[in-house]
Amino acid sequence: MRRRLCSLPGALLALLAASASASSQAAAEPKPATPPTASLFPKIEGWRISDGPTRYTPETLFEYIDGGADLFLQFDFQDLACATYVKDGVDRDKNRRSARASQDGDRSRAAAGAEITVDIYHHRDAMRAFGIYTQERPTGTTPLPIGIEGYAGQDYLEFVVGPYYVKLVQSGGRETSFLRLFADKVAAGLPGTREAPAILKCFPDRGKRARAEKLAARDFLGHPFLHDAVAVPYQINGANLRLFAVEGKDSADVRAMVKRYRAAGKSPGAEADSAGSEGSATVKDPLNGEVVLRWKGRWLWGVVDQPCTECKALLDELGLSLSVFDR
Amino acid sequence: MSNTKSLERRDVLRLGVGGLAAGALSAGCATVASSQEKKTLAPETAPQPKQAPATAPAAAKTAGPPRRVLGRTGIEVPIVSMGVMNADNPNLVRAALDGGIFLLDTAHGYQEGRNEEMLGTVLPDRKRDSFVLATKVHLSTLDRKTGLFSKETRGEEIGEKLDISLKRLGLDHVDILHLHNQSARESVLYEPVLKALEKAKRDGKTRFIGLSTHKNEPEVIRAAVEAKLYDVVLTSYNFRQDHHLQVQKAVAEAALAGLGIVAMKTQAGIYWDKEKQSPINMKAALKWALRDPNVHTAIPGFTTLDQLQTDLEVLRDPTLTDDEKRSLEAPKLAGFFCQGCDQCLDPCLQKLPIPELMRSFMYAHAYRNREAAQALLLELELPESPCDDCGECPVRCAKGFDVRERVRDIVRLREVPREFLV
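Residue numbers (our numbering), protein chains in the order written: chain P, 1 to 327; chain C, 1 to 422.
One thing to keep in mind: the hints can contain errors.
Sample of chain C residues facing chain P (criterion: CB under 8 Å; computed from the structure) [said to hold, decoys possible]:
1. 88
2. 185
3. 303
To be clear, the hints were calculated from the coordinates, so they are not data collected in a lab. For every residue, glycine included, the Cβ atom is placed at its ideal position computed from N, Cα and C.
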């Protein structure tokens, strides 16, 4: 391993150091205290809360977002606080009529302007909040530097900070977007990290599709025994593939995953050390085709979709980064 | 999920994904399947249509797993379909389609559109008549508390969202367009919305119109019949609903009127208890809903190959065995989850915020998150010793919670220093 480490380019070594540093920072970061509901919604000059704050629990979330609630529950949703702001002195019903006038092109009546709804989803930790964010993030959007990351459309803005996934929707008054103003104010009052999960730094840069990673809390690749996974899409030499890393509770957990995966797929036999704590295998996954696996300690990593000749080097680099990350 | 008998994992491996299809399709000829349905699916309590809807074709006669006719749409659907909602793996959808589960249910809003996009990587490669695609649109002006549309509702929003959905799906039309999440008769009959739905159908962007409901289902289902526009109803339907007999009756009326009935939430959660120690027999729960012949198909959500296998087994043989029936009668636990019906509020002499207190109790004892429980408690304006000054507690919880006992238990958490909570 030491010999292999020495042959790595300097940039990767720097990355490994950063990963290790980020890992230790993540471990040391205290869990932020949960602020009271009212304090989640900042006072914004010229605006007032016209509706809410309203809280939803894991049991009532479906009343707010229907069947979409299930995915949030997978990522250990704790509660949702939502509120709607309108401009001072504006009756909400009148404002809605004005917003409608704006949509119809009657700008003279659209002076009352926007109404902003703020939904703050609280998850168990920052990793899970980022996870649900990646599940819903569209491709091809420009990242916004709010909290860990955000993006916006014409009438919405979403971002994630610490254990909070925040969605803002503006209706009416589209001539002026107030979304960024609100987002910055809301983000400022939320505790928790402003850094993306450090494990993302473990994935090699070359060929990586930017901001396309996805986190899965469970049922990764359609298998119930694969949990807590990060998958990152790559495009290399015309091949589209995903590198992934699955974090086990410990090495026994990872060995159990490997055993089940090899039983589920046609594995021609795995190269593994005598204890089975480190090894590699190729699985003929009945759902996903050929999957190349590596494992060591509490990490299982691999490549799926279109494994290519370049994959071995990528897997080596990812494995090395994870081994440092693990310390 | 592991109690697969007839389709062992080694068979899946031997046959591959194509083998799933072969296994499902070789389950028996149509004659056997349909006679078995008649024998085993006779409802014990559900009223049945006295006659088949005039527009419905004869029962499915094609070979393969049991199918039922989806009301006046005339579409023969497999009795088990796929709720795609949480699936993000296109290969799982392909496996389901290959296995004979060809009705797929998604929604404009699931994963903020990513769910439809995922289907868009699968469906355009398939023959258009080889699958049935249902999606749902939600109107932003629907008040979730009242279930009513505001006066500013624009029916055009339906067409705008449907266009986006079609683009994501890579299709020029869907088979069923549902009005999402209806809970009030007035909204089901709201004219601007009906006109917009009608227009979508007239424009060829959807073949049929439906609605979905998981609250006040009987009222909504009857309104769907009354509207004479809807072809399909997608409704919550499970053995744990307190009002399942009312839902069953409304479903029978709708089926009699020619509506196609799709059941959702058939599995009623994953566990009986909030400690997540006692799993519900998912297979039995799905079969329970399918016993009702007025339920034409169900859309269990699945995200794993194992779950797909289980659903394929039910698709092949929906017979609810005695053991399975007994498993659904199992523990009647009061549980932890307050439904928020608020019927406790008036009788409480101290005017305590009981639903919030029950939630705090749940945080502490079900989720073992005492920090969240305490944070919630501290937000509430509570007397120093709630419940101590009352004689007999007049509160009768609809879910059977011992409210007084739980309140006394949980309020003690206020005094615990935060550093001792972890």
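Against the structure, the hints come out as follows:
1. Nearest Cβ of chain P to the Cβ of residue 88 of chain C: about 7 Å, under the 8 Å cut. The hint holds.
2. Given hint, residue 185 of chain C at the interface with chain P, is violated; its Cβ is 18 Å from that chain's nearest Cβ, farther than 8 Å.
3. The beta carbon of residue 303 of chain C is positioned within 8 Å of a beta carbon in chain P (closest approach about 4 Å), and the interface hint is therefore held.
Going through the hint list in order, the structure does not satisfy hint 2, though it satisfies all others.
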